[in-house]
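Participant: Based on the hints, put chain G in the right spot on chain R.
Number of protein chains: 2
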Amino acid sequence: MAKIITQKNGTRKDVIIQKAAALYKSKSYTAASMRELAESLGVEAPSLYNHIGSKGELLEAICFRTGNRFIDQVRLISEGEESIVQKLEAIIRFHIRMMLENFDEVFVANHEWKHLQEPFLSDFLNIRRTYEKSIIDLIQQGIDRGEIKPLNPYVAVLTILSAVRGLEFWQRNKKNVSQQVLENDMVNHLLNGLTT
Amino acid sequence: MAKIITQKNGTRKDVIIQKAAALYKSKSYTAASMRELAESLGVEAPSLYNHIGSKGELLEAICFRTGNRFIDQVRLISEGEESIVQKLEAIIRFHIRMMLENFDEVFVANHEWKHLQEPFLSDFLNIRRTYEKSIIDLIQQGIDRGEIKPLNPYVAVLTILSAVRGLEFWQRNKKNVSQQVLENDMVNHLLNGLTT
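These protein sequence lines are chains R and G, in that order.
Under the working numbering, the residue at position 41 of the first sequence is numbered 31, and the numbers go up by one with no gaps.
Under the working numbering, the residue at position 65 of the second sequence is numbered 55, and the numbers go up by one with no gaps.
Extracted from the complex, chain R is given alone in its bound form (with noise of 0.2 Å):
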């Protein structure tokens, strides 16, 4: 029987997270079956219910371990000496890094976190709502020091993260633009404005 073959640098269950994401996103969460993960792995279904007991479990480690990538992020650069701005600079360019390299996870954690069971339902959002106040917080610091204009935290951050997401309209029809000109020029739209 095949065995499940991992990258470098990828645990096994890595590689099943990488492979599950793909096919939620691909088909939804609700239409996806073990018996395709395990096509798509190429092992027999059996086999990989030794990694892993269900769907579920595998929406879990998907939606937690991005979730908990942007949270240790943001505190990382939070704690910092650099100024707010930089500070606002290194989350933005994170966040669209991980909408271009981590794409799938990403979405999933999006868009199919709604079928997540209790508990783990509520910790998700908690975790968002987190990620979130803490953009916040950094925002209010930043007007506060006077390095940001006086605009309501909470309508930057919506605009910020709703920008970044929108990359998902880019990742549909990846239009004749480098990886590297949409991060730059966003960040500097999203921090710097389009006047001159």
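Hints are not guaranteed to be accurate.
Same chains, same names: a pair is fine if it fits in one copy or spans any two.
What the hints assert, rightly or not - Keeping only pairs whose Cα atoms sit at most 25 Å apart, straight-line, the calculated DSS-like set for lysine-lysine is:
1. 17 with 104
2. 139 with 17
3. 164 with 104
4. 123 with 17
5. 139 with 165
6. 139 with 3
7. 139 with 45
8. 123 with 3
9. 164 with 123
Simulated from the structure, these hints should not be mistaken for lab results.
For clarity, every value in this text was computed on a predicted model and none was experimentally measured.
Facilitator: Showing chain G alone in chain R's frame:
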């Protein structure tokens, strides 16, 4: 049998379209039925068929009415005498107001257009492309005149339209932010940035 009540300045068909948009948004187009639409209008289904042939016809009406409002507005604004930045501001403000004041129809046009039949599907996608292209062209004009930074115009439009579309999240759990603050701060952010 009950008559379909019209609001002032609204034709009977306008009322039907608005109720259909509310229903398609809350239940999804696929799950909604003409019977439910008739119920929400307080009429019998056969009476509804005097005005409308099918639920697909209503989806077409919602998508094209909304799409054409965007196209007409951007054309009208583009023809004016204002600066490019002023025109861009007017377009963003119009788009934000559509998201706030005609949310059901805009939401259905944004999410349920996939269910349009041909040739309506292609026509609708053409309207969307025309709309995006008009704003891309306007930004390019702004860059050529030195009013707008030399950012990639496609990325700028992606950033703007995604940010505005993010008002969906605000609609879901309205935070303690007025429509006026939402509109002014988002426009200011997208045109002039966050940094002081």
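Participant: Any of the earlier hints contradicted here, and which numbers?
Facilitator: Hints 2, 4, 6, 7, 8 are the ones this structure does not satisfy, whereas the remaining hints hold.
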